[in-house]
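Chains as they are written, first to last, in our numbering: chain Z, 1 to 332; chain P, 1 to 376; chain Y, 1 to 352; chain L, 1 to 517.
Hints are computed from structural coordinates only; laboratory data are not their basis.
On a predicted model such as this, the values are computed, not experimentally measured, just so you know.
Any given hint could turn out to be false.
To be verified - Footprint (simulated), chain Y over chain Z, 3 or more residues, beta carbon under 8 Å:
(1) 126–138
(2) 141–152
(3) 256–265
(4) 315–324
Stated by the list, open to error - Using C-beta positions, here's what the derived DEER-type ranges look like:
(5) Y:121 / L:271: 56 to 62 Å
(6) Y:342 / L:72: 40 to 46 Å
(7) Y:338 / P:41: 45 to 51 Å
(8) P:100 / Z:101: 32 to 38 Å
(9) L:81 / Z:25: 41 to 47 Å
(10) L:127 / Y:342: 35 to 41 Å
To be verified - Calculated pairs, PhoX-like style, for lysine-lysine (alpha carbon to alpha carbon, straight line, at most 25 Å):
(11) P:336 / Z:47
(12) P:151 / P:72
(13) L:227 / L:192
(14) L:192 / L:51
(15) Z:47 / P:106
(16) Z:47 / P:72
Every residue, glycine too, gets a C-beta built ideally from N, C-alpha and C.
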Amino acid sequence: MATRETSLKKSSPALFQQVQGVLRTQEGVLLIITIISVLILATQTDKFLTVKNLLNQGRLMTEIGLIALPMTFIIITGGIDLSVGSIVGLSAIMLGYSWHNLGFPLEVAIAIALGIGALAGAINGLIITRFRVPPLIATLATLAFYRGLAEGIAQARSVTGYPAWFFDLGQRETLGIPNQLYFLVIGIVISAILLSRTTFGRSLYAIGNNELAARFSGIPVNRNKVLIYAFSGFMSGFAGYVLVSRVSTTRSDMGSGWELDAIAAVVLGGTSITGGTGSILGTTIGLVLIQLLKNGLALSGVTGDATIVVIGSVLILSTLINIVVQRRLRGV
Amino acid sequence: MRKFVVLTLVLSFILAPLAALPAVAQEEEKRWDGADDLPVNPLPCGDEPAPEPEPKEYDGGQPVNPPDLAGKEITLVDVPKLIGIGYFAATTKGQQEAAEELGNVKVTTDAPTEANIDEQITFIDNYITRGVDGILFAANDPVAITPVLKKALEQGIRVVGYDANSLPEGREWFVNQAEFNGIAKALLDSLAAEKGEDAKFGIVTSTFTTPNQARWIAEMWAYAKECHPDMVWLETLEAQEDYNLSFEQANTLIDKYGDELDGLFGMTSVATPAAADAVTQAGLCGEVAVVGLATPNAMKPFVNSGCVKSVVLWNPVDLGYAAVYVMRQVVDGNFKPGDTEVEAGRLGKLKVVNGSEVLLGPPFIYTAENINDFDF
Amino acid sequence: MASVTQTVSMRRPRSQVSSVLRTIFGSQESVLLVVLVLLIAYVGHSNSGFLATRNMVNVFAGYAYIAIAALGMTMVIVTGNIDISVGSLMVTLSMLSGALVTYKGYPSWLPLDAIIGISWLLPIVIGALIGAIIGFFVTYLRIPAIVVTLGFLSILKGVLIMVSQGERITGMPTGYALAQRRPLQGLDFPIFEDFFRMLTMPVFFMVFLMIVVALWMRYSPTGRAMYAVGGNAEAARLSGISEHRIVMTAFILNGVFVGIAAVLNATQFSVIQVTLPPIELQIITATVVGGVSILGGTGTVVGAVLAAILLNTITKALVFLDISPFWTRAIQGLMILVTVLADLIRRQRQAE
Amino acid sequence: MADSQTLLELKHISKSFPGVKALDDVSFDVRSGEVHALLGENGAGKSTLIKIASGVYQPDGGEIVVGGKAVRFGSPRDAQVHGIATIYQELLLYPELSVAENIFMGHAPRTRLGAVNWPEMRRKAEELLASLNIHDLDVTTKVGRLTVGNRQRVEIAKALSMNARVLIMDEPTAAITEADVERLFEIIRLLKGREVGVVYISHRLHEVFDIGDRVTVLRDGRYIATKAVAETTEDELVNMMVGRTLDTMFPKLETQVGEVVLEVRGLSRGRMVRDVSFQLRAGEIVGMAGLVGSGRSEVAQTIFGLTPPQAGTILMRGREIKIKSPRQAMRYGIAYLPEDRGTQGLIRQMELRHNTSLTVLRDLSRAGFINRQKEMQLAQSTIEKLSIRAYSPLQIVGKLSGGNQQKVVVGKWLATRPRVLIVDEPTRGIDVGAKAEIHRLLSELAQQGLAILMISSELPEILGMSDRILVMREGRLVAEFSRAEATQENVGMAMMGNWTGNGNTLKVQADGAAWQA
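Chain Z on its own, in the form it takes in the complex (with noise of 0.2 Å):
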């Protein structure tokens, strides 16, 4: 190991070690294709690269991306969570309900569609943690379940009529920016700093790549395994409010499918799906990727059905690339 670093240090000139520290990262790589894509993008069409245009791709992908940050922490630890489609889905639900059926004042019901995310997700932590249920087939089994949930407290009707502050967070904007990305970019920081900085994201990692050697380390296991459940079914909830702050409507069937969208994002962010490594960077520029193609494609006068075959292969490829890449470097 030793040798082979300082041989590669003789032989290549400063640039291009330079070059070689980014790419030995997962976020380097993707870094790069990013913006290879995004070039390719902008000579397509000059409609693209616009700030107006960018900011309001912010706009369209905070939903998915409140997700994809606990579900980087999901992932990290070894774990999946499919069911945040219908936490979603639930927690608008049960915005509508509180607000109109039950009578609440709107920032009650907001607390409480917020509230019943996180305790959704807590459900799914305690089903995983004290049952021993594989993440995969505990979370299969609640999003059929909470969805289910948002159907029949819905009754199929939806709430509609919401005085004009409500829509602040979803359509209005401060400072020529949409206000839900505020929030956006507060969880990316927030994540990034709780994932590499603090204690509680060091147990993550030592939980994806060793459980048993992080419980006989001290490390609260299944407590730091609720809290990121439940911190994943309060981001779906928190995703759901500014759905429906976008939109102006609840409906029992929103969100549906995001999950792929967000573990999407995660894995093509470099995040392991064994668990172990990964980082809210990487999540972050898997995100704007995935959404600045959708986005760029159908400004370039590419359709619907065309643009989901190259969001697929860009998955595969980068992943290969990737793959490629690191074991080159690590002359594995």
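Put chains P, Y and L on the given structure of chain Z with help from the hints.
Frame of chain Z, contents of chains P, Y and L only:
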């Protein structure tokens, strides 16, 4: 001990809905029929002409400083609920036909692959950024789609809806394929003609939250109360836009009600052929009537075999065709708020109803005599 | 010492009862069977229409295509992988089958039966081919299966819409309708007539393929090797088992079974269409509820098929029990959760 | 022995990995009916050599001769075809499959149709086990439910089912207890009688003398010597392995035994921990002996809060404390080095600094934020203090040698400044040199006033290092010896359950009526 508490908590959270099962099991009268809560407006029974509706003020939205493109070539985008089902393939066909006829219209269809409100919004948003002259849409949710449509209007883009409406302020005009009460009347009268006034029937719909289907069922409910009071509503089941599920649900209704069942209504262009398939394969042609909304090609085998007597539908090709014509007239300035009719190519003049809606006409009823004349 | 003997003698009779229980609940397959029978009996008790032959046919035939796809999924999961693209693949192959049979450009000398044969078989071959491509990405390029199939999920979906333009396919010839829900023709049984009248083509295929695959997985060296690879890949390699070949085989066979399911699906209706319901979730649910461990190395196809039937039975039972349609999905989710929990608790008991 | 033939010969084998010359001109051979021990410290090239012999690696130079003919092994399968079977340290079995199937995976008996013949397979498996004098194994049980000793027997049966003429065993005794070791040796003797050649790798020198016929020593990838076991001594072998003279294997330092630090009274949990009481004093090393499955690790894990006690009390410096989680135990100054370094002790994929800080993340952080400088300092000081051979605190721990990995585990627990250190099999799978270093470290720690409970399956280690010795059997503490009284015999007898000595039986235990029954 703590484990026990946690276990109890989790279990009770999970089991609470189960305990509520008896409460969930529904009573005969209160059975859910998939209708919405909006006011209904049933047509008179039989052949009595419908009373002229009171004229309503124009209530649509207006674009802000639209560019003057009268007579010039325009680029349109069509964002239906989803792509991948026959119905919207047919409307697309009509749009292309109209575009070709007019010569100065270009229209592309682009939509999500699932009937998903937020994705549809994203599609429209992208086209606003890209810059089109006009947007045609069929909304997955009337409320959810309105903000993004208003954004389009604010940027001077022309907006015309068809098939499924938004809130009026979200678009200039909505091309209504047939009024809800008209569909309801046609469906129920068809069943009554086939199975008599005391027919007992079940319904297969898409979902209880799909606005058009809910509206039709509400109007059917109101019309049946007035004009077919002896008909018995058995049960309504959801089946998405999924052929397999529609087939299974139709089978479930057939099996559950047995000889009691006289008819099945299919509320979507997917559910109706699926229900006909189920009845045919169960060997119950003639015993159980299938009436519903569907496109002709899918129904030809059943109508030709005599298993299905009549299929109710407007012509979706015409619907797409009309939408493009209305858009062209709006852009050319030939069709303005306050007008009472609009010129729509081979369809002739179409009537304005309900303030800002263009009515395609009465629903069309396909039978063995005419179904083979259509190909979509 | 005295107290010890006492406890032993007291335990005897109890252990006989519990040993009976243990045989019944010893495997997920028998648990599912017991639950299925109890559920059918209960629903039949409150609404005798449920037990009518025709309904039973639909109970067993309704998820036949899910069950058949679950056979392949079982293999994939037993080897420690997963495939979430099966839904898109199945719709694609259904459309392909319909397109082949309604294609007008065949040379005129080709008999109709040959065209129908092509449209039945070619989708299965294409399914195997796509399975092989996925398997290649997973084994030789070492990309996790969930990533590859997540990618294929959207690639297949997009290509399908691009090619079909959303048009449905109608007007298939009569001979094409292989899997309609009618009793098998030309069968005449003196006894158990009712029973055999329940045997429709989808049920026949489901049972036949289940038996074949179950025997194959138990008796063929390749089938056993799948369990070996999923249980301990390193040990399998050292036993001379090629992990790549086995995982490839699992994905290819998965493609084959999705192909068969797709053809059965296409040939049971008069219309084939491009709607894309999330069947992959139903198939994976059937597989894991059937006791196939998501971690690989254990589980049988019999469990997966029973679970598929159970899922369909639950859906129908809720209608027969007059449960409010709003709550059906919640109850389905709940029952899935309960079955999965029961399976895990049973396994933990056994491990102790 | 006179007419024994050479079964396998490795001639002038060389093998390099990027940056490392793993083997340099090494020769080795096995004859039929002999046990040829292979010795060397970790990194000496033993595992590379056996991986070449079993077809996992291909040599860069040299040749492999089987039965007089030069062969090439392209894969493990090729080696098996030539009658060479290997039993690795991590037993390679399928936990969800039956004993019979594990034995015959990949070469199951077939019917004429090519299907797996299950009855025949079961019958042959039973036959095979019977031929090894194993009669207590049901071939239909899932392997996941067997004990480690039994799993190993399954592995041996598996090797023999392939008609192995050469059996390579990589540290077969690392994870099993004395009783299982005895049974293993019986089986090996049986195999010798059947003209099988056994390559035996172990860090326990006395085993080489118990069972070996010849011994070959490797050091730093080079061949040192081959000797007949009868003509060599333990000291000579150690010198050859280490390349220098080791002062002593058990550097026990004199310490001042202080006050009672930890006391447990009537500790119980399930069947593995039953009414266990003992005391630990500052500066004292207490050895805990017992067979695998006697409840030693379970006692440690109960004290450490991994499996909180169901009954009994734990006292720290005379004050009763409640321990429900490892975190609480750590707060009271208890540290636990688990028995399995790879799965319980370390996070191998993570960097050294992240491993050493794992137990003290809270102390290294403020408001939840990790102070990276402090973390780095801790790693560096651990490397220095324990003389860990790593090129940087950034090194991935999994790439260190076994002994250095174990030092990292020790380091991470010392970082918590414990008052009580429980070490579970501290030197398992560690080479002689590193073993002596770990022993010295433990002695030094005791001298500094730490109370140490040392669980070990190696009696010499227990006898050599402990001030007092506790013996566990079937979840109970059955005997206690002082350093002076303890001998290999009486401790061994106590472990096995037929020890009837006097005076040393634990008083507390003797009172319990149940125990006597």
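Quick one: which hint numbers does this structure break? Sort them smallest to largest.
When the structure is compared with the hints, numbers 6, 8 and 11 turn out to be violated.
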